[in-house]
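A.B. asks: For reference, the chains in residue letters:
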Amino acid sequence: MKLTIALSQINTHLGDVEANLEKHLTVAEEAVAAGADLLVFPELSLTGYTLQDLTPMVAHRPQATDPIFRQLLGVSKKLDLVVGFVDEDQRHRFFISAAYLSGGEILHVHHKVYLPTYGLFDEGRFFAWGDRVRAFDTRFGRLGILICEDFWHASPPYLLWLDGADLMIFTSASPGRGLSTEPQLESARWVEHINRAYASLFTTFIAHSNRVGYEDGLNFWGGSTLFGPNGKLIKKGPYHQEALVLAEVDLNQLHRTRARLPVLRDERTRLVAYELERIIGDGRDSNSNTR
Amino acid sequence: MIDLSINTELAHKILTGFIQTEITRTGYSRAVIALSGGIDSAVSCYLAASALGPENVLAIRMPYRTSSKGSLEHAQLVIDALGVQSITVPITEMVEPLFERFPEADKVRRGNIMARARMIVLYDQSAAFRGLAIGAGNKTEILLGYTTIFGVSACALNPLGDLYKTQVRQFAAALGVPEVIINKPPSADLWQDQTDEDELGFTYEEVDKLLYLLVDERYRPEDCVAAGFEGSFVQDVVARIRGSQFKRIMPPIAKLTNRTVGYDFLYMRDWGT
Chain A
1399 MKLTIALSQI NTHLGDVEAN LEKHLTVAEE AVAAGADLLV FPELSLTGYT
1449 LQDLTPMVAH RPQATDPIFR QLLGVSKKLD LVVGFVDEDQ RHRFFISAAY
1499 LSGGEILHVH HKVYLPTYGL FDEGRFFAWG DRVRAFDTRF GRLGILICED
1549 FWHASPPYLL WLDGADLMIF TSASPGRGLS TEPQLESARW VEHINRAYAS
1599 LFTTFIAHSN RVGYEDGLNF WGGSTLFGPN GKLIKKGPYH QEALVLAEVD
1649 LNQLHRTRAR LPVLRDERTR LVAYELERII GDGRDSNSNT R
Chain B
11 MIDLSINTEL AHKILTGFIQ TEITRTGYSR AVIALSGGID SAVSCYLAAS
61 ALGPENVLAI RMPYRTSSKG SLEHAQLVID ALGVQSITVP ITEMVEPLFE
111 RFPEADKVRR GNIMARARMI VLYDQSAAFR GLAIGAGNKT EILLGYTTIF
161 GVSACALNPL GDLYKTQVRQ FAAALGVPEV IINKPPSADL WQDQTDEDEL
211 GFTYEEVDKL LYLLVDERYR PEDCVAAGFE GSFVQDVVAR IRGSQFKRIM
261 PPIAKLTNRT VGYDFLYMRD WGT
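First to last, the sequence lines map onto chains A and B. In terms of my numbering, the first sequence opens at residue 1399 and continues consecutively. In terms of my numbering, the second sequence opens at residue 11 and continues consecutively.
Hints in this document: simulated from the structure, not taken from any laboratory. All residues carry an ideal CB built from backbone N, CA and C; glycine is no exception. There may be inaccurate statements among the hints.
[Stated by the list, open to error] Estimated spans, in silico, between C-beta atoms of each pair:
| hint | chain 1 | residue 1 | chain 2 | residue 2 | range |
| --- | --- | --- | --- | --- | --- |
| 1 | B | E19 | A | I1678 | 46 to 52 Å |
| 2 | B | K79 | A | R1523 | 49 to 55 Å |
| 3 | B | E216 | A | R1656 | 52 to 58 Å |
| 4 | A | K1630 | B | M11 | 30 to 36 Å |
| 5 | A | D1520 | B | F112 | 42 to 48 Å |
| 6 | A | A1432 | B | A264 | 52 to 58 Å |
| 7 | A | F1519 | B | E216 | 31 to 37 Å |
| 8 | A | R1668 | B | V225 | 44 to 50 Å |
| 9 | A | G1562 | B | V225 | 44 to 50 Å |
| 10 | A | L1518 | B | A115 | 39 to 45 Å |
| 11 | B | T102 | A | F1519 | 45 to 51 Å |
| 12 | B | I12 | A | R1523 | 30 to 36 Å |
| 13 | B | S15 | A | D1520 | 27 to 33 Å |
[Claimed, not checked] Straight-line distance between alpha carbons at most 30 Å, and here's what the computed DSS-like set of lysine-lysine pairs gives:
| hint | chain 1 | residue 1 | chain 2 | residue 2 |
| --- | --- | --- | --- | --- |
| 14 | B | K257 | B | K219 |
| 15 | B | K117 | B | K149 |
| 16 | A | K1634 | A | K1421 |
| 17 | A | K1633 | B | K23 |
| 18 | B | K23 | A | K1634 |
| 19 | B | K23 | A | K1630 |
| 20 | A | K1421 | B | K23 |
| 21 | B | K257 | B | K117 |
Pulled out of the complex, with its shape left as it was, chain A reads as follows (with noise of 0.2 Å):
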């Protein structure tokens, strides 16, 4: 089965939730146009990153009778489509969230699990920690979702992988830092590693949507990248600019990479399990990380 995947790197307005929606209807009109099954936004692409205080003015819900959501949703009867957003539950607490639409339903909501605070992040001031790692159906197979942080983390990938998920959709609002003498950004550096090796060790397709544009003085550097489960790129977006990288996925690369590469089926999750359980154990040890 091939499939087409769209990764749109966006600039947003800063909690501008109807604008930033306008520019999704358009990037979906030219996704459709360009024969794409699936679109990827950013993180948080229908609000912009750095929200502080505009957090629950800017919130929605993922549902039809959400004005925002309503019209995506419209959208997901022609292509399937991932949107960031800021989710607020019915408790009142907000989610750095994204969405997977498909054929007029929302299929699944993620919300991110890993909150970075520190450096020059403030997530956790912000917002709740996501507490599901979950894998879900689609058309297209099985699809797993991460935000970000979440995929700084090994975990969270591998997790997915174990749920079942043969596509990892990774969005990202990631700010540009670490100037040397490369050619890109050590952020860019690190996360296109992280992504190979993701590809590589769980033998799967990662996809990963980076917004670009600027915040105040931060930059968001796009590189948005689709990697198969040979670990090799298939597709690469530019640095620094706007841009709908498309890209064609043969999804039976799977079979191909797996008969000869079976770590999937040689993964000793008992194993896995019996030995977290140990680490973890009672949480005395201080040695071991029991969050």
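Let chain A serve as the given structure and place chain B on it in line with the hints.
C.D. replies: Below, chain B alone, put in the same frame as chain A:
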């Protein structure tokens, strides 16, 4: 081996994008720059001309009667090379009455008055030209506090503040800034024969490497000594950084209510754009 070399092409792409985006999203399309004849404002001017088009950049020369002739000429080299718009507004007539009123003012006070007079002209031209003020303070001088607060460090946006002085030099060469500007001793030119490195007591080459370890690499002062830096030099620089923190933040507001600007009223400047 501490290597502060940068990829100048990448820096150019990010910084011109920054200038272009951050000016146009506020509804402006033009910029004003205090062009001193030195390397920092020259680099800012090159970036602004590249980001906005030279016709949308106004370079302002603001000599005082004792300013070196070289400063004016070097600024003119930049103006001619880029084709930016320019204006020359001497500040002598602005500052002399204050110097006469306070004849006891030492050269630092007089230098600060001149720097702030230039800020007044810069912001007035910002309104007249309908362009935002682009700054040129580099990371070295920001960290050392080697600048007049509310002087020409005042600006609407600063593309150079995360580049050390030695990196600005490398960048300037790549941008094609005239060599005479790159190679002359850095000076605020507030009094005759003033040079930065004389006044600071160390070279930019030395201090940039130390700042890089202290700030970027998060070395403790004792780690810097272990890495080969003189203890007294490390102490001096650490003290300068700490002592000039007030120049790097907005003045603190005394908190009284539940929500106070600066503490729990948090929005980016780009809010809504």
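A.B. asks: Using the Cβ atoms, figure out if K1630/A sits within 30 to 36 Å of M11/B.
C.D. replies: Cβ of K1630/A to Cβ of M11/B: about 35 Å, so the range 30 to 36 Å holds.
A.B. asks: Hint says 52 to 58 Å; check whether the CB-CB distance for E216/B and R1656/A agrees.
C.D. replies: Holds, at about 57 Å.
A.B. asks: CA of K1633/A to CA of K23/B, is that 30 Å or under?
C.D. replies: OK: K1633/A and K23/B at ~22 Å, within 30 Å.
A.B. asks: Quick one, are K257/B and K219/B close enough, alpha carbons at most 30 Å?
C.D. replies: Since the Cα atoms of K257/B and K219/B sit roughly 22 Å apart, the hinted pair holds (cutoff 30 Å).
A.B. asks: So if I understand the rule, the pair passes when the alpha-carbon distance is 30 Å or less; does K23/B with K1630/A pass?
C.D. replies: Holds, because 28 Å separates the two Cα atoms, which is no more than 30 Å.
A.B. asks: Is the Cα-Cα distance between K257/B and K117/B 30 Å or less?
C.D. replies: Cα-Cα ~20 Å, so holds.
A.B. asks: Between A1432/A and A264/B, does the beta-carbon spacing fit 52 to 58 Å?
C.D. replies: 57 Å, holds
A.B. asks: With 49 to 55 Å as the target window, see if K79/B and R1523/A comply at their CB atoms.
C.D. replies: 53 Å, holds
A.B. asks: Assuming the hint says 46 to 52 Å, is it satisfied by the Cβ distance from E19/B to I1678/A or not?
C.D. replies: Holds: the Cβ-Cβ distance is about 48 Å, inside 46 to 52 Å.
A.B. asks: Hinted pair, alpha-carbon criterion (30 Å max): K23/B, K1634/A. Please report holds or violated.
C.D. replies: 18 Å, holds
A.B. asks: Take a quick look at whether K1634/A and K1421/A sit within 30 Å of each other, Cα to Cα.
C.D. replies: Holds: K1634/A and K1421/A sit about 21 Å apart, inside 30 Å.
A.B. asks: Do the beta carbons of I12/B and R1523/A sit within 30 to 36 Å of each other?
C.D. replies: 34 Å, holds
When each numbered hint is compared with the structure, no violation occurs for any of them.
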